[in-house]
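Chains as they are written, first to last, in my numbering: chain X, 1 to 341; chain E, 1 to 341; chain G, 1 to 341; chain L, 1 to 341; chain R, 1 to 341; chain Y, 1 to 341.
It should be emphasised that the hints constitute simulated quantities derived from the structure, not laboratory data.
These figures come from a predicted structure and were not determined experimentally.
You may find that some hints are simply not true.
Which copy? The list can't say, so a pair holds if one copy fits it or any two copies do.
[Stated by the list, open to error] With a straight-line cut-off of 25 Å between C-alpha atoms, the simulated DMTMM-like cross-links for lysine to aspartate or glutamate are:
#1 Lys85 x Glu315
#2 Lys302 x Asp247
#3 Lys302 x Asp127
#4 Lys85 x Glu213
#5 Lys199 x Glu260
#6 Lys302 x Glu88
#7 Lys199 x Glu213
#8 Lys240 x Asp36
#9 Lys302 x Asp256
Number of protein chains: 6
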Amino acid sequence: MALVPTSDVAEVEMGSDSSAPTVRATVVQASTVFYDTPATLEKAERLLAEAASYGAQLVVFPEAFIGGYPRGSSFGVTIGNRTSKGKEEFRKYHSSAIDVPGPEVDRLAAMAGKYKVFMVMGVIERDGYTLYCSVLFFDSQGRYLGKHRKIMPTALERIIWGFGDGSTIPVFETPMGKIGAAICWENKMPLLRMAMYAKGVEIYCAPTADSREVWQASVTHIAVEGGCFVLSANQFCRRKDYPPPPDYVFCGTEDDLNPESVVCAGGSVIISPSGAVIAGPNYDGEALISADLDLGEIAQAKFDFDVIGHYSRPEILSLTVRDYPTNPVTFTSEAERTERS
Amino acid sequence: MALVPTSDVAEVEMGSDSSAPTVRATVVQASTVFYDTPATLEKAERLLAEAASYGAQLVVFPEAFIGGYPRGSSFGVTIGNRTSKGKEEFRKYHSSAIDVPGPEVDRLAAMAGKYKVFMVMGVIERDGYTLYCSVLFFDSQGRYLGKHRKIMPTALERIIWGFGDGSTIPVFETPMGKIGAAICWENKMPLLRMAMYAKGVEIYCAPTADSREVWQASVTHIAVEGGCFVLSANQFCRRKDYPPPPDYVFCGTEDDLNPESVVCAGGSVIISPSGAVIAGPNYDGEALISADLDLGEIAQAKFDFDVIGHYSRPEILSLTVRDYPTNPVTFTSEAERTERS
Amino acid sequence: MALVPTSDVAEVEMGSDSSAPTVRATVVQASTVFYDTPATLEKAERLLAEAASYGAQLVVFPEAFIGGYPRGSSFGVTIGNRTSKGKEEFRKYHSSAIDVPGPEVDRLAAMAGKYKVFMVMGVIERDGYTLYCSVLFFDSQGRYLGKHRKIMPTALERIIWGFGDGSTIPVFETPMGKIGAAICWENKMPLLRMAMYAKGVEIYCAPTADSREVWQASVTHIAVEGGCFVLSANQFCRRKDYPPPPDYVFCGTEDDLNPESVVCAGGSVIISPSGAVIAGPNYDGEALISADLDLGEIAQAKFDFDVIGHYSRPEILSLTVRDYPTNPVTFTSEAERTERS
Amino acid sequence: MALVPTSDVAEVEMGSDSSAPTVRATVVQASTVFYDTPATLEKAERLLAEAASYGAQLVVFPEAFIGGYPRGSSFGVTIGNRTSKGKEEFRKYHSSAIDVPGPEVDRLAAMAGKYKVFMVMGVIERDGYTLYCSVLFFDSQGRYLGKHRKIMPTALERIIWGFGDGSTIPVFETPMGKIGAAICWENKMPLLRMAMYAKGVEIYCAPTADSREVWQASVTHIAVEGGCFVLSANQFCRRKDYPPPPDYVFCGTEDDLNPESVVCAGGSVIISPSGAVIAGPNYDGEALISADLDLGEIAQAKFDFDVIGHYSRPEILSLTVRDYPTNPVTFTSEAERTERS
Amino acid sequence: MALVPTSDVAEVEMGSDSSAPTVRATVVQASTVFYDTPATLEKAERLLAEAASYGAQLVVFPEAFIGGYPRGSSFGVTIGNRTSKGKEEFRKYHSSAIDVPGPEVDRLAAMAGKYKVFMVMGVIERDGYTLYCSVLFFDSQGRYLGKHRKIMPTALERIIWGFGDGSTIPVFETPMGKIGAAICWENKMPLLRMAMYAKGVEIYCAPTADSREVWQASVTHIAVEGGCFVLSANQFCRRKDYPPPPDYVFCGTEDDLNPESVVCAGGSVIISPSGAVIAGPNYDGEALISADLDLGEIAQAKFDFDVIGHYSRPEILSLTVRDYPTNPVTFTSEAERTERS
Amino acid sequence: MALVPTSDVAEVEMGSDSSAPTVRATVVQASTVFYDTPATLEKAERLLAEAASYGAQLVVFPEAFIGGYPRGSSFGVTIGNRTSKGKEEFRKYHSSAIDVPGPEVDRLAAMAGKYKVFMVMGVIERDGYTLYCSVLFFDSQGRYLGKHRKIMPTALERIIWGFGDGSTIPVFETPMGKIGAAICWENKMPLLRMAMYAKGVEIYCAPTADSREVWQASVTHIAVEGGCFVLSANQFCRRKDYPPPPDYVFCGTEDDLNPESVVCAGGSVIISPSGAVIAGPNYDGEALISADLDLGEIAQAKFDFDVIGHYSRPEILSLTVRDYPTNPVTFTSEAERTERS
């Protein structure tokens with residue numbers, strides 16, 4: 001595990017006397033201990049401790065780090081069919097997920113407080129019998145701040161995860177700047193990004209499960225489009241990070257994969273508002289990838305292109321974000337309580 | 001700094017027994033302390049105190065007095081190109097701007113209340129990473145009333161300032177009459193002026209950065225066209241009022257300018273509804289230019305020409321003003337808050 | 001009668017090799033032969049011939065040159081009262097007006113053709129028993145092109161002239177550029193000017209009866225606002241240019257005026273799009289005031305401020321011009337004829 | 001002040017058992033207390049009280065009763081000229097006018113309620129700096145119902161009053177029948193009358209400032225043409241009802257008038273739908289002129305001639321009334337408010 | 001039979017040197033020779049000759065002079081019933097009517113030419129089996145110019161006369177001015193009058209059968225409203241001018257009337273544009289009533305009130321006149337012919 | 001000038017038997033003949049002919065190819081200042097622009113028809129005195145289809161180009177698929193892209209002036225986000241492609257540049273919906289860059305991510321596009337014409 005040194009910032013002549021703050025940020029590239037949530041929490045704490053020892057003020061974990069990303073599984077589903085085995089798989093996956101709030105959330109909050117780090121953590125959230133792919137936010141004083149639920153799962157994810165609504169797209173104002181997150185291919189949704197830009201996101205976290213090269217183009221583009229830092233955290237996983245066959249099968253591979261096979265190559269990266277890659281991408285193994293974010297670069301970037309300011313045309317193009325909760329069932333007595341508060 | 005005495009009003013036979021009120025108004029002709037907003041606020045207070053000591057009830061400051069008018073700068077921009085130095089310049093300029101509302105606005109409001117003066121103040125407003133050239137209004141009880149954002153910046157201003165929408169073209173009804181403002185070349189936009197006339201503006205403030213002689217024709221015309229008093233406040237600046245080279249460069253000048261060179265000659269002026277110049281224009285240095293405005297002259301002027309009354313032809317010519325806010329992104333929860341408030 | 005030489009154009013470095021055309025224009029400052037329309041037509045021809053001999057391609061006459069501007073008359077009207085003498089005055093004034101089209105219009109067209117001059121002529125138009133203060137346009141081939149009827153008479157004019165509608169606000173595309181006219185205080189109507197700007201007026205004619213100094217501010221402002229040349233033609237009249245008392249009385253003057261008294265001082269002027277006065281103003285007597293208009297200056301002026309282009313905010317401010325004729329009575333058979341033609 | 005007894009109604013054989021209601025109506029013939037609006041309101045109340053004591057259910061005041069009809073004034077205006085004194089006159093006249101709504105309107109409404117009388121009141125309405133000659137309607141429960149603004153002022157009135165649009169030509173349905181008003185020479189406009197007939201006017205009020213004998217022909221004709229009662233109220237004024245010279249001058253009179261000179265002779269009158277004069281005309285002095293209006297006569301008159309019914313030829317002759325407001329400037333937010341309210 | 005001398009024109013100071021023409025006009029007050037059209041034509045010629053001998057240039061006959069006004073007849077019609085006698089009456093009345101064109105029209109044209117008089121003649125026009133109450137126009141050169149068909153008969157007239165359409169409301173431009181006609185109560189139709197005003201009528205002929213006093217108010221009003229001369233011609237008839245009973249019965253009179261009883265009292269009159277009665281009304285017997293019309297008075301009257309010019313509000317109130325012929329049956333071949341011409 | 005061979009398409013197993021069409025597309029990387037529009041048109045034709053000779057069916061030219069991209073110029077503008085030389089520069093630049101429609105558009109349409117190529121051409125459009133950076137579309141039958149006006153110019157471009165409205169964001173349905181264009185940094189506006197995706201764009205043209213490496217990330221991202229082909233065309237220019245100093249100055253460069261200096265390095269590129277670069281980027285010189293676009297790849301890409309279909313969340317995020325024209329002035333007669341046409 002190696003610290004990737006922060007790449008040189010191109011425009012060095014801006015000097016060090018700037019009044020804008022600098023934030024040391026780390027993206028975690030590591031794998032879940034699959035089907036073992038307590039062990040995963042332990043691992044999270046170790047990684048957090050290490051990052052903190054390097055001075056990290058902000059640490060971003062990958063998508064589904066707690067609960068796991070069940071790569072390669074089909075959950076026994078084909079069109080018009082499903083298997084008992086797949087159902088059992090889901091039962092186990094459901095068990096590994098966490099309630100929010102709940103004891104695991106308390107544990108995570110305590111960690112953030114202990115290491116005095118702002119933490120952005122990918123989790124599988126359990127809400128009754130539906131799971132959500134969520135990101136939780138904790139501040140450095142050990143407080144759970146809130147969550148973002150992925151609003152649109154990709155492909156087969158749609159059979160294991162529900163769809164978030166517009167009420168959990170938070171951007172938190174922190175002493176380090178405004179922080180929010182979008183998960184994996186959500187990042188390809190222009191209107192969702194626009195909602196986050198409108199909330200003023202400055203440190204844009206992109207926990208993901210996509211390690212393809214083309215992902216780098218997207219996160220680079222987002223940094224430029226949004227005039228923000230983009231922190232993309234992905235797991236680095238080998239076959240052996242999942243239970244061995246036949247307990248866990250990578251569908252569609254003739255023979256089972258070699259335990260050392262890389263099934264998710266990482267590619268975690270940090271990009272500046274000018275589109276410069278300032279740390280990563282790393283495709284070599286688990287790693288903590290860190291960089292110092294000079295927040296003053298944001299103003300410089302927005303000088304050229306402020307997507308929700310001088311470079312918008314609101315009289316032509318305007319986005320409406322319905323950010324209230326949508327529930328299939330509402331009890332009027334609850335509504336009343338809400339109204340009164 | 002000298003008080004320019006009010007010139008004689010032409011039609012003296014109207015007498016002093018009139019029931020229409022008289023308002024002592026002062027336009028401030030002074031320069032920003034560039035890149036030093038706290039010092040500029042200090043200077044504003046000194047000027048305000050002095051004007052109040054002469055009995056001023058209404059004080060109008062120039063365009064961009066707080067935040068500064070970055071005269072002579074190119075922000076490193078040519079067509080298709082920009083420099084790092086220009087971006088850094090913007091970062092510093094962005095830092096000198098103020099949030100509205102915000103602590104500097106509170107300070108300004110307190111000043112107006114302390115000296116019991118209605119104050120019209122040109123500022124550079126910071127809204128996230130986009131700046132606006134705005135005018136703020138404060139009443140003599142120390143309340144911030146609202147703002148006007150310049151709706152159309154001129155030439156190179158378009159790369160440093162955003163464009164206001166139709167929701168901030170206020171005219172305030174005050175005990176001294178109806179007061180509004182348009183900034184610099186906005187005053188050349190006939191439809192914008194018409195919107196202000198329709199709101200009943202009686203004391204039309206024209207903070208500006210234009211010291212050319214032809215500006216006098218425009219403000220005289222506006223007084224006659226609108227049947228209102230026009231108060232035009234411009235900065236008087238020498239080269240030395242800006243940081244010395246190479247920190248701040250007046251582009252396009254072979255050698256840098258002499259520190260004593262006048263880079264903005266002022267020309268602040270007060271004009272009556274009949275088109276008579278009743279104070280100024282002053283091109284000599286920093287000054288407080290004052291006049292007593294006899295509001296009864298408005299009815300006399302409108303008797304001849306009431307641009308939105310008897311001299312309009314609404315069945316032929318009608319202007320629509322879209323005065324709602326335009327936003328690139330609207331969150332429904334905010335909209336609700338607005339509707340309820 | 002003297003030719004006022006064209007003043008130097010400020011920005012001489014633009015050179016003479018420009019591809020934009022130059023137009024020699026003359027504004028006529030002369031008085032009507034009052035109550036004698038045939039003699040006035042004779043005088044018009046003499047003035048036109050003289051202007052043509054100096055090379056004028058465009059000649060603009062004052063407001064009401066044909067028909068006369070009945071300065072100083074009250075037409076016997078006070079509030080709630082009118083005199084027989086005033087009615088008789090109107091009958092004579094009505095007789096001096098001309099039908100459009102009609103024999104006098106034919107005569108004027110012939111003149112324009114004979115001297116190969118584009119002519120803009122202020123007339124009193126008779127339509128049944130209502131008079132209109134109109135401007136007629138004639139091209140250099142001797143064709144009557146159309147007319148503008150003043151849409152809003154000023155003060156007492158409202159008892160002798162009707163109100164034009166939105167159907168006669170023409171701007172004519174000519175080899176010399178786009179030519180239109182607004183009359184006297186109409187020029188103070190921002191929405192009317194905006195309509196003309198939208199039609200692309202480049203040579204803006206402002207026949208007037210206003211010789212006050214403040215008029216100069218307005219025409220200068222219009223040149224700058226519209227980015228166009230402004231040609232303001234006013235009559236120069238002495239008391240003796242009107243019939244002697246008691247046939248014609250200057251009301252409100254204790255004793256009748258001395259025959260040599262100047263009752264309208266002229267002030268005819270030509271202004272460039274940058275606001276530079278390029279000929280006149282002349283307050284000395286009857287005169288032909290001429291200048292060479294470099295149409296290339298328009299693009300330069302619009303680069304800074306294009307009131308209907310880049311410096312408009314149509315999504316906020318939009319003007320509707322109802323430019324169809326309004327008639328108290330419409331006969332369907334006429335409508336049909338019009339549609340067919 | 002004397003009550004003119006109701007003249008005998010011609011067709012007495014119609015009997016008293018008719019089911020159609022009878023309305024006791026009074027037209028007020030009295031003068032404004034010039035330049036003294038509070039005193040005029042006092043006088044209005046005294047007249048109203050007296051009318052009510054005679055059983056009046058409907059009371060019609062003359063044109064411009066509140067605010068005054070500035071008879072004999074020229075406001076210093078001749079063609080092409082105006083004086084400072086005239087402007088000052090306008091300023092005073094403007095001060096005597098009332099805002100609608102406003103405190104004076106509240107006062108008038110309260111009067112109507114106190115005396116339980118439907119009141120039709122001529123006022124000078126102030127809308128910013130333009131005045132309108134308006135008629136206000138109040139019901140007997142003390143409610144202000146609405147107004148009619150004169151759409152076309154006569155002669156010199158055009159320099160002191162603006163032009164109403166098509167949105168204020170109301171006819172109110174009341175327990176006493178349908179009531180509307182047209183002011184002075186508006187009554188000579190056939191298309192305006194036709195608009196009122198089409199709205200079903202039954203009690204047609206004609207506040208006026210015309211005391212010539214020919215006026216009687218017009219109001220008689222209107223009663224017959226419209227099949228309605230016509231109530232014409234005019235002021236009776238002597239020279240002394242206006243301020244003495246030189247404060248107020250009757251222009252065009254060699255020497256100033258004798259204080260006792262009658263400057264407006266009244267001629268207030270009430271006419272039935274058959275063209276019968278049923279009260280007045282009175283040319284002797286201030287008076288209350290009353291009659292009992294038998295509304296059953298309307299059906300009798302319309303049997304012969306129903307101008308908007310059986311005696312119209314709509315397939316040949318059709319009138320379009322554009323009765324929406326026309327404004328030089330419309331703010332979209334207002335439009336919304338209007339739509340919502 | 002006596003010439004009623006022209007009443008003094010009020011405003012004599014206008015003098016005789018005016019350039020506007022004067023027209024000697026005569027209205028004929030005489031009765032039809034009932035049921036005897038040839039005799040009526042003879043009588044018409046005698047009256048015309050007499051008028052011409054007094055210098056008349058224009059002669060106006062009453063409504064239905066040729067063909068007769070069947071006063072007092074019910075044509076046997078009650079609601080739901082008609083009698084054979086009544087049908088026979090109609091057959092005789094139908095026989096007395098004339099075709100237009102036709103031999104009687106030729107005769108009338110010849111008369112006008114012979115006496116060099118412009119003649120306006122009331123006739124009963126036969127078009128197949130429907131009759132129209134029409135007015136025919138003949139110039140002084142003996143040409144039939146055209147006709148006006150009454151567009152709306154009154155009361156029982158509706159069972160004997162058809163309804164004219166919008167194609168016969170002519171106003172003829174003549175050397176004596178613009179001449180048109182409306183018949184009897186048509187004159188009470190404001191939209192019809194407005195159509196005639198719009199056509200520029202200057203000499204407004206009002207042949208009538210109404211001799212009530214209230215008629216004078218209407219024609220006076222029309223003169224003032226239209227700014228035109230009104231020439232109202234009515235028959236003067238005694239009972240003996242109709243066939244004796246039982247051939248012709250005046251229904252609803254207990255005993256038949258005395259032969260000398262006046263059944264139509266005349267009241268023919270000429271009124272100037274100022275509303276001054278300049279000849280008549282005559283209620284004494286058959287008469288030629290003449291006056292000299294000073295057409296210059298029209299401009300004076302329109303100065304005050306031009307119903308289709310400066311005193312119209314076309315943007316609010318606009319009348320559409322459908323002036324094409326309406327036919328129950330149209331043969332396409334005819335339409336084609338019309339289109340080709 | 002060299003043909004860059006189409007790179008291998010990655011997923012070759014899709015085979016050639018697909019029913020989806022293949023389109024041969026060429027992006028042109030070449031420079032304007034600056035200030036010489038006729039010569040530029042000649043050059044465009046030569047390039048088009050060459051592309052056609054290689055079988056190109058669709059040819060995309062760079063931003064501002066006709067009219068030129070005035071790289072390096074400051075147009076003499078600094079904050080608060082402008083020079084005569086800069087104004088003269090604008091006049092020349094204005095002269096090089098083209099009217100749309102107009103003769104140059106006709107010429108371009110003819111070219112497209114002659115070579116049977118669908119052409120997408122970047123032009124500087126002249127609309128009166130305001131310029132727009134536009135893209136014109138021509139089909140292979142020689143028809144001009146329409147235009148896109150850049151809605152938001154970048155940085156200094158804002159002083160030379162106006163802002164397009166929402167009415168010109170076309171996507172044309174063609175036999176080759178749906179084609180649209182966004183210009184340069186507009187491509188960084190997520191809401192604009194979303195509007196184009198919603199119109200179904202399949203071949204997304206991105207004429208640009210940006211040759212930085214980060215541009216490649218944006219166009220790659222767009223291809224993936226939109227599931228479309230992206231064709232980015234940029235000019236390749238050396239200093240010598242602009243007039244030599246002092247006629248044309250690259251501001252901010254100490255000494256003038258070497259004539260051979262590359263001032264715009266190109267980087268034109270073609271990218272497939274999967275984010276694969278299939279031709280280019282070329283940074284070496286002028287070139288025609290071609291590829292065969294297999295439109296079947298679009299469905300494959302959208303299977304994963306359909307930004308306006310299955311991967312949208314319209315109940316949360318919805319964009320409103322105001323695509324009507326906005327004009328500062330609207331003439332109602334034009335509106336009518338538009339409605340009729």
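Results for each hint:
1. Proximity of Lys85 to Glu315 under the C-alpha cut-off of 25 Å is found in neither arrangement, the shortest distances being 54 Å within a copy and 33 Å between copies.
2. Taking the closest pair of Cα atoms, Lys302 and Asp247 come within 25 Å of each other only across two copies (22 Å); inside a single copy the shortest separation is 51 Å, beyond that limit.
3. In this assembly of identical chains, the alpha carbons of Lys302 and Asp127 lie at most 25 Å apart only when taken from different copies (12 Å versus 39 Å within one copy).
4. In this assembly of identical chains, the alpha carbons of Lys85 and Glu213 lie at most 25 Å apart only when taken from different copies (20 Å versus 34 Å within one copy).
5. Proximity of Lys199 and Glu260 under a CA criterion of 25 Å is satisfied in neither setting, with 42 Å inside one chain copy and 46 Å between copies.
6. For the homomeric pair Lys302 and Glu88, the shortest alpha-carbon distance between copies (12 Å) is at most 25 Å, but the shortest distance inside one copy (50 Å) is not.
7. In this homomeric assembly, Lys199 and Glu213 never come within 25 Å of each other (Cα to Cα): the closest approach is 29 Å inside a single copy and 29 Å across copies.
8. Taking the shortest alpha-carbon separations for Lys240 and Asp36, only the intra-copy value of 14 Å comes in at or below 25 Å, while the best inter-copy value is 44 Å.
9. In this homomeric assembly, Lys302 and Asp256 never come within 25 Å of each other (Cα to Cα): the closest approach is 50 Å inside a single copy and 29 Å across copies.
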